[in-house]
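Asker: Each protein sequence line maps, in turn, to chains P and A.
Start counting the first sequence at 1; every next residue gets the next number (UniProt numbering).
Start counting the second sequence at 1; every next residue gets the next number (UniProt numbering).
It is worth saying that the hints were derived from the structure and are not from the lab.
Note that the Cβ used here is the ideal one computed from N, Cα and C, for glycine as well.
Hints are not guaranteed to be accurate.
If you only want the chain P side, here are some residues facing chain A, beta carbon under 8 Å, derived [claimed, not checked]: (1) Phe44; (2) Val49; (3) Phe60; (4) Ala91; (5) Thr93; (6) Ser127; (7) Ala130; (8) Cys133; (9) Trp149; (10) Gly157; (11) Phe228; (12) Ala294; (13) Leu302; (14) Ser305; (15) Leu307.
Straight line, CA to CA, 25 Å or less: simulated SDA-like cross-link-like pairs of lysine to any residue [as the list claims (entries may be wrong)]: (16) A/Lys165 / P/Thr40; (17) A/Lys165 / P/Ala58; (18) P/Lys253 / A/Ala204; (19) P/Lys253 / A/Leu255; (20) A/Lys100 / P/Pro211; (21) P/Lys253 / A/Phe106; (22) P/Lys253 / A/Ser127; (23) A/Lys165 / P/Leu57; (24) A/Lys100 / P/Ala58; (25) P/Lys253 / P/Val108; (26) P/Lys253 / A/Trp107; (27) P/Lys253 / A/Val141; (28) A/Lys100 / P/Gly42; (29) A/Lys100 / P/Leu50; (30) P/Lys253 / A/Thr217; (31) P/Lys253 / A/Asp135; (32) A/Lys165 / P/Arg36; (33) A/Lys100 / P/Glu37; (34) A/Lys165 / P/Lys253; (35) P/Lys253 / A/Ser111; (36) A/Lys100 / P/Val108; (37) A/Lys165 / P/Gly42; (38) P/Lys253 / A/Lys100; (39) P/Lys253 / A/Tyr128; (40) A/Lys165 / P/Ser34.
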Amino acid sequence: MSTSTTDRPATGGSRRTPPAGGEPRPVRRDTWISGRERLTAGGFMAPAVLLVSVFLLAPFVWTIHRSFFADTRTSPFSWFDNYTRFASDPALTRSIQNTLLWVVGTVVLPFVLGLAIACMTDATRFSRLARLCVVLPYALSGSAVAVVWNFMLTTDGAVNQVLTTVGLDSFAQGWLLTWPGNTLVMILANAWQATGVAVILFLVGLQSIPPETLEAGSLDGAGSWQQFRYIVLPQLRPVSIIVIGMSLVNGLKSFDLIWVLTQGGPGRATETLAVSMYNETFLELRPGAGAAIAVVLTVIVLAASWLYLRRQLDVKGE
Amino acid sequence: MTMSLGRVLRTGTVAVLALLWLVPTWLLVVNALVPAESYSGSPHWFPTEFGLFDNMSQAWDRANLGPAFGNSLLYSVVSALASAVLAAGAAFATIIMPVKHRALWFWVIYSGTLLPLQVFIRPLFLSYAESSLYDTQFGLVLIYTAIAIPFAFFVMRNYALTLPKEVVEAARLDGASWWRLFWQIHVPLTRSAMIAVFVFQFVAVWNDLMFGITLTTSRNIRPVMAALADLQGNYSNVGPPVVLAGALLVSLPTLVLFFSAQRFFISSLKIHR
């Protein structure tokens, strides 16, 4: 090689692209090209990078910064005061409890139910119809789901009506009024909506299992439970990771369902961190406290995502 | 025909689950049908009269759904489209083009999905107020696009990883510019992923409540979910049938889109290993 250009055959492993033409070029021209290429690549990335940096990353940094300042008019630097409120304010303690309940409820319920429904329904017409019943609510928004469940759960709502009709009057109650019942029914409402997407994802996963594997399994005498346990479940691992990751993040961020159903009340009993943050910032006008809540929520989301993401990236071998 | 016990159990379980799931949907539809005037205060289980369209038009007027619908349509279409194209561009640059620090760029863009929306909202609220983006359609389009990009980028990048490098290399040797490569090879090849991204983000933007109630005040700027939440706040005044009809109405666009585009995201969500 007489020149130091990148002009070599394009092999599979090569990340660099040979310059157009294929003639060896002098070094100067080549660096000029790569500079130009870098500019073009920058042009392709710039809008996405700019929007994300300006609208998401910069506000994120600002919120962290804000969380160290007090809520009085002059907003002096207050170290970790906003964070220590978590230990002393009962509303925030409750909010953390609720958030944890939401996380467990939004991960376990859609996962188990989604997996069960995806595996138990087959190609018969009845099965497909049953599956449709479960997938349908997924297309509704959180706000619309809240409207429907409010109708179910109010004192003279459908649930209490059923209970009274079948003679279980004593179980009829104001579902949204007492903790922890109100948080639990909202988690159920969320599962009613969120299971649909889990079903869809698991179906995609099931389709990608080669039928020969299952046939071989049944020839070897594996029962349907054994087949599920030792063949289907391991093959579904990548999808499971996605389902868990999605439900996890959605559960932590859940806002609209709670907001429309109870606005975090009564009192502040049904607040999750997502709702607390909104309350503190915009209703109680304590932006510093709100910022600290947002930061704590971020830490939890990041920690939770970390496990999921590590494996997720593993799957693709990057 | 005799069925095995396992099969009976399985069918039974599926039937029970499906029934449980259907109850709220059924109540939603049936009670949205009850004429608002003749609603007795307790839920109906079977349709008797047909007042759906009347309820819908009442919801439409009471909650000022007309402009809200137009707004949400604008936000959803423009933001979803912009995020799909911009994310495709970014994925093209970081996967196909010879770029340094790929991992860095990936994390800069992808980190957006990891952060809860609550951390952005107040700084955005303040800077929107200062820059007069507050309570404007343009302001909402900007923030919705920005929020949609990280996940769109993740999907597009996954997809771009599966494209054969040889196609691009051959085209480069033929002297095609990157711009041409992007529009004539990359975009057509990733079309189904782009449609999936569009549908996903359309639904996400359509369903947003938080930014809608924080960054707007005017009725002719706010999106449709903010209007619905308002209607729900008037629950006892307007009556449950009207609120339910409103909920049904604002869900129609996503329902239609969702079921007509299902095949696209099934194929593009397949996990590429």
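Asker: Under the criterion of a CB-CB separation shorter than 8 Å, is alanine 294 of chain P in contact with chain A as hinted?
Answerer: Since chain A brings a Cβ to about 4 Å from alanine 294 of chain P, closer than 8 Å, the hint holds.
Asker: Straight-line Cα separation of lysine 165 of chain A and glycine 42 of chain P no greater than 25 Å?
Answerer: Given pair lysine 165 of chain A, glycine 42 of chain P holds - Cα atoms ~20 Å apart, limit 25 Å.
Asker: Does the CB of leucine 302 of chain P sit less than 8 Å away from some CB of chain A?
Answerer: Holds, because the Cβ-Cβ distance from leucine 302 of chain P to chain A comes to roughly 6 Å (cut-off 8 Å).
Asker: Regarding the hint that serine 127 of chain P lies at the interface with chain A, is the smallest CB-CB distance below 8 Å?
Answerer: This hint holds: serine 127 of chain P lies near chain A, its Cβ roughly 7 Å from the closest one there, short of 8 Å.
Asker: Does lysine 253 of chain P pair with valine 141 of chain A here, judged by a C-alpha cut-off of 25 Å?
Answerer: Answer holds: lysine 253 of chain P to valine 141 of chain A is near 21 Å, not above 25 Å.
Asker: Taking 25 Å as the top limit, are the C-alpha atoms of lysine 100 of chain A and glycine 42 of chain P close enough?
Answerer: holds, 10 Å
Asker: Answer holds if the nearest beta-carbon of chain A is closer than 8 Å to that of valine 49 of chain P; otherwise answer violated.
Answerer: Valine 49 of chain P check passes; min Cβ-Cβ to chain A is 6 Å, inside 8 Å.
Asker: For lysine 100 of chain A and leucine 50 of chain P, compute the direct alpha-carbon distance and say whether it is at most 25 Å.
Answerer: holds, 18 Å
Asker: Can the restraint linking lysine 165 of chain A and alanine 58 of chain P be considered satisfied, given a maximum Cα separation of 25 Å?
Answerer: violated, 35 Å
Asker: Per the CB criterion, is leucine 307 of chain P less than 8 Å away from chain A?
Answerer: At about 12 Å, which exceeds the 8 Å cut-off, the nearest Cβ of chain A leaves the hint on leucine 307 of chain P violated.
Asker: Hey, lysine 100 of chain A versus glutamate 37 of chain P, does the alpha-carbon distance stay inside 25 Å?
Answerer: Measuring from Cα to Cα gives roughly 11 Å; hence the hint holds.
Asker: Next pair to validate is lysine 253 of chain P with tyrosine 128 of chain A; report whether the Cα-Cα distance is within 25 Å.
Answerer: OK: lysine 253 of chain P and tyrosine 128 of chain A at ~23 Å, within 25 Å.
This entry does not satisfy hints 4, 5, 11, 15, 17, 20, 23, 34, 36, 38, going by the numbered hints stated previously.
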